[in-house]
Amino acid sequence: MRPALSVIFFTVLSGAGYGLWCWLGVALAAGVYPSAGVGVLAPLVFGFVLVTAGLLASTSHLGRPERAWRALSQWRSSWLSREGIASLAAYLPMLAVAWLAWRGSTGGGLRVAGALLAACALATLLCTANIYRSLKTIAAWRARQVLPLYFVFAWLSGGLWLWAWLALAPHAAIGEAFPLTLLALAVIAAITKFDYWRGIDAQPANSAGHATGLETLGQVRAFEGPVTEPSYLTHEMAFVLARRHGGRLRRIALGLFAVLPVLAIVVAVTTGQAAWMAPIAAIAALAGLFIERWLFFAQARHAVAAFFPAPQG
Amino acid sequence: MTSLPAPAKKKLGLVIDLDICVGCHACAVACKAWNDGGDFGPLADDDPYGAEPHGVWFNRVHSYEVQPPAPGPRLDLLHLEDTAAPAPQMVHFPRSCLHCETPDCVTVCPTGASYKRAEDGIVLVDQDKCIGCQLCAWACPYGAREIALPHPKTTTSDTDRKDAKRGTMQKCTLCVDRIYNETLDARDRQPACVLACPTHARMFGDLGDPDSDVSKVVAERGGFALMPEFGYQPVNRYLPPRPRRDGSSTAATPPAPATETLDANQLPPLLRWLDKALSR
Numbered sequence: 201m202r203p204a205l206s207v208i209f210f211t212v213l214s215g216a217g218y219g220l221w222c223w224l225g226v227a228l229a230a231g232v233y234p235s236a237g238v239g240v241l242a243p244l245v246f247g248f249v250l251v252t253a254g255l256l257a258s259t260s261h262l263g264r265p266e267r268a269w270r271a272l273s274q275w276r277s278s279w280l281s282r283e284g285i286a287s288l289a290a291y292l293p294m295l296a297v298a299w300l301a302w303r304g305s306t307g308g309g310l311r312v313a314g315a316l317l318a319a320c321a322l323a324t325l326l327c328t329a330n331i332y333r334s335l336k337t338i339a340a341w342r343a344r345q346v347l348p349l350y351f352v353f354a355w356l357s358g359g360l361w362l363w364a365w366l367a368l369a370p371h372a373a374i375g376e377a378f379p380l381t382l383l384a385l386a387v388i389a390a391i392t393k394f395d396y397w398r399g400i401d402a403q404p405a406n407s408a409g410h411a412t413g414l415e416t417l418g419q420v421r422a423f424e425g426p427v428t429e430p431s432y433l434t435h436e437m438a439f440v441l442a443r444r445h446g447g448r449l450r451r452i453a454l455g456l457f458a459v460l461p462v463l464a465i466v467v468a469v470t471t472g473q474a475a476w477m478a479p480i481a482a483i484a485a486l487a488g489l490f491i492e493r494w495l496f497f498a499q500a501r502h503a504v505a506a507f508f509p510a511p512q513g
Numbered sequence: 369m370t371s372l373p374a375p376a377k378k379k380l381g382l383v384i385d386l387d388i389c390v391g392c393h394a395c396a397v398a399c400k401a402w403n404d405g406g407d408f409g410p411l412a413d414d415d416p417y418g419a420e421p422h423g424v425w426f427n428r429v430h431s432y433e434v435q436p437p438a439p440g441p442r443l444d445l446l447h448l449e450d451t452a453a454p455a456p457q458m459v460h461f462p463r464s465c466l467h468c469e470t471p472d473c474v475t476v477c478p479t480g481a482s483y484k485r486a487e488d489g490i491v492l493v494d495q496d497k498c499i500g501c502q503l504c505a506w507a508c509p510y511g512a513r514e515i516a517l518p519h520p521k522t523t524t525s526d527t528d529r530k531d532a533k534r535g536t537m538q539k540c541t542l543c544v545d546r547i548y549n550e551t552l553d554a555r556d557r558q559p560a561c562v563l564a565c566p567t568h569a570r571m572f573g574d575l576g577d578p579d580s581d582v583s584k585v586v587a588e589r590g591g592f593a594l595m596p597e598f599g600y601q602p603v604n605r606y607l608p609p610r611p612r613r614d615g616s617s618t619a620a621t622p623p624a625p626a627t628e629t630l631d632a633n634q635l636p637p638l639l640r641w642l643d644k645a646l647s648r
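Respectively, the protein sequence lines represent chains Z and X.
So the first sequence is numbered by this note's numbering: it starts at 201 and just counts up by one.
So the second sequence is numbered by this note's numbering: it starts at 369 and just counts up by one.
Simulated from the structure, these hints should not be mistaken for laboratory data.
Cβ atoms here follow ideal geometry from the backbone N, Cα and C, with glycine treated the same way.
Please note that a few of the clues may not be correct.
[Claimed, not checked] Pair by pair, the computed Cβ-Cβ distance ranges are:
hint, chain 1, residue 1, chain 2, residue 2, range
1, Z, Y291, X, T567, 57 to 63 Å
2, Z, T470, X, A632, 43 to 49 Å
3, Z, V387, X, W641, 30 to 36 Å
4, Z, A405, X, V397, 29 to 35 Å
5, X, Q601, Z, R451, 53 to 59 Å
6, X, G599, Z, A289, 29 to 35 Å
7, X, A374, Z, Y291, 36 to 42 Å
8, X, Q601, Z, W476, 55 to 61 Å
[To be verified] Just a sample of chain Z residues kept apart from chain X, beta carbon distances all over 12 Å, derived:
hint, residue
9, A204
10, V232
11, T252
12, S258
13, G263
14, L280
15, A298
16, W299
17, L326
18, G375
19, G399
20, G413
21, V420
22, G472
23, A475
24, I480
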């Protein structure tokens, strides 16, 4: 699949924003968030910036972005429609949390709003993952690791930003439990992604013989495509660049979203340099996820590519 | 609504005979001609007469080389028979929307623009509702949908053309504006591709009716559906090439793995630089 930058920006940035809102919402709901007032508002607004930037980026993937509102209508059948509704719904508890935090509230209202914020963020992540997972035509995205990975990556990247804020904020004393949880998430993300890559590498590609149903007659080779120029289908669904550099890009991604954050957390916990280490880890993870998401598209084979002759080098 | 309608009795569709298709592309051209001028309005074309023409076609004709397997060696009393592989066979393969009974291209649509008609099973896109998210094209394993967008590499003034900028998903309509069109002569109320085919390799009819001509020929010739494992239940059927007289086209062999290469010179500058940097 052609990696569309708009969709990569959306899933990575909004994913981090929703992940951040998950942590913030759960901490507020449980009453364990170590700060109040501006200490809640600042990460909440940062999450808002990530989520909104991602959502706006996603509209540039549309041929007719001015009609985007129509996407809210088909929630009965379409995960994309559900995602649109969940993503907009999440702004309501966000506004409630912002209002209560602004007034300096720490009571039950903030707890409820926090819980709703986390719930809406989780629902949006579930919808995003299912948009990809529900496409039968792209075998790589049907893998069992796709759904958990969208959550783990969101929690990891969003959590690192929340940790960065808490490490930089004055008076916000946090223990080691949160960074160590993020360390565990980074390890889980690395193992799960590695497992995903190993799995999709072993998937057999669709063949011309199978696509045309002619395989029973003999060996089928695409002799000639329908036109000499590239078409929408070959441009969108027969993308080959990443497969050549796949191994190297995978190692770079893994280093950025898992190895660097793990090292940063270990250094921060052992030396107390969290104010330096946390932002480095957060930026590295986000950069790593851009590469990871690029590969998620570029290395996913669409069944329709089998109809076309392999590109000539 | 993009939820699927209850299964209808009437299933309009095409039957394509791979035995007699000569790969002349007349169906594709007739389709383009009709849909360029009919109720649908101009079909998107970008730089149509330039160096890199780019546009939407509802119907595209592929050509495949089928290599029948070599017969095993047979010991004769006097000599070993020739075991050379038989000559390959060329199969021309028109590919268009199969108007599936349970397609995901309809259910994934977030706007209700992509829909399946309850009365005859035709799958259509409402051009006034489509937002161009392309999820339906991603959901289709048959490559039936193409979006009307300007050429990805284009710099020509043609990008100002309204049709290339339509920004919505396009697909075969089964010539819905022909088949019910009472201003046309009754025998012309068929899809343009069917009327244009010089070898009658394309047939149009109701595949839901077991007594229709199309259903009969499918039963007689062993017509098959493409990639049934997706569970979309295509309505269109393909008739396989008839067995050759020497019997060489009946055995099965495993398909060869696909190979891929990349021409770095074809890439835009940024990707070309990336390719170079990563190749080190």
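Cross-check of the supplied hints:
1. Between Y291/Z and T567/X the CB atoms are about 59 Å apart, so this pair conforms to the stated range of 57 to 63 Å.
2. The supplied range of 43 to 49 Å is met by T470/Z and A632/X, whose beta-carbon atoms lie about 46 Å from each other.
3. Hint check: V387/Z to W641/X, Cβ distance near 34 Å, so the stated range 30 to 36 Å holds.
4. Between A405/Z and V397/X the Cβ separation comes to about 32 Å, which falls inside the hinted range of 29 to 35 Å.
5. At about 43 Å, the beta-carbon gap between Q601/X and R451/Z misses the expected band of 53 to 59 Å.
6. In this structure, G599/X and A289/Z meet the distance hint of 29 to 35 Å, their C-beta atoms being roughly 32 Å apart.
7. In this structure, A374/X and Y291/Z meet the distance hint of 36 to 42 Å, their C-beta atoms being roughly 37 Å apart.
8. Restraint check, Q601/X to W476/Z: a C-beta distance of roughly 59 Å satisfies the suggested window 55 to 61 Å.
9. For A204/Z, the requirement that its beta carbon stay farther than 12 Å from each beta carbon of chain X is not met, with the minimum near 9 Å.
10. The beta carbon of V232/Z is kept farther than 12 Å from every beta carbon of chain X, the shortest such distance being approximately 37 Å.
11. Even its closest Cβ contact with chain X, about 19 Å, leaves T252/Z beyond 12 Å, as expected for a residue assigned away from the interface.
12. Look at S258/Z: its CB is around 9 Å from the nearest CB on chain X, not clear of 12 Å, so calling it non-interface is violated.
13. Taking the minimum C-beta to C-beta distance to chain X, about 2 Å, the non-interface status of G263/Z is violated against the 12 Å cut.
14. For L280/Z, the requirement that its beta carbon stay farther than 12 Å from each beta carbon of chain X is not met, with the minimum near 4 Å.
15. No Cβ of chain X comes within 12 Å of the Cβ of A298/Z; the nearest lies about 28 Å off, and the non-interface call holds.
16. Annotated as non-interface, W299/Z keeps its C-beta farther than 12 Å from every C-beta of chain X; the closest such distance is 31 Å.
17. No beta-carbon of chain X comes within 12 Å of the beta-carbon of L326/Z; the shortest separation is about 16 Å.
18. Remark: the non-interface label on G375/Z is consistent with the geometry, its nearest Cβ contact in chain X lying 41 Å away (cut-off 12 Å).
19. The Cβ of G399/Z lies farther than 12 Å from every Cβ of chain X, with a closest approach of about 18 Å, so its non-interface assignment holds.
20. The Cβ of G413/Z sits about 5 Å from the closest Cβ of chain X, inside the 12 Å cut-off, so the non-interface label is violated.
21. Listed as a non-interface residue, V420/Z fails to keep its Cβ farther than 12 Å from every Cβ of chain X; the least gap is roughly 5 Å.
22. A cut-off of 12 Å between C-beta atoms confirms that G472/Z is not in contact with chain X; the least separation is 38 Å.
23. Every C-beta of chain X lies more than 12 Å from that of A475/Z, the closest at about 34 Å, which supports listing it as non-interface.
24. Every beta carbon of chain X lies more than 12 Å from that of I480/Z, the smallest distance being close to 24 Å; the non-interface claim holds.
Violated hints, in rising order: 5, 9, 12, 13, 14, 20 and 21; the structure is consistent with all others.
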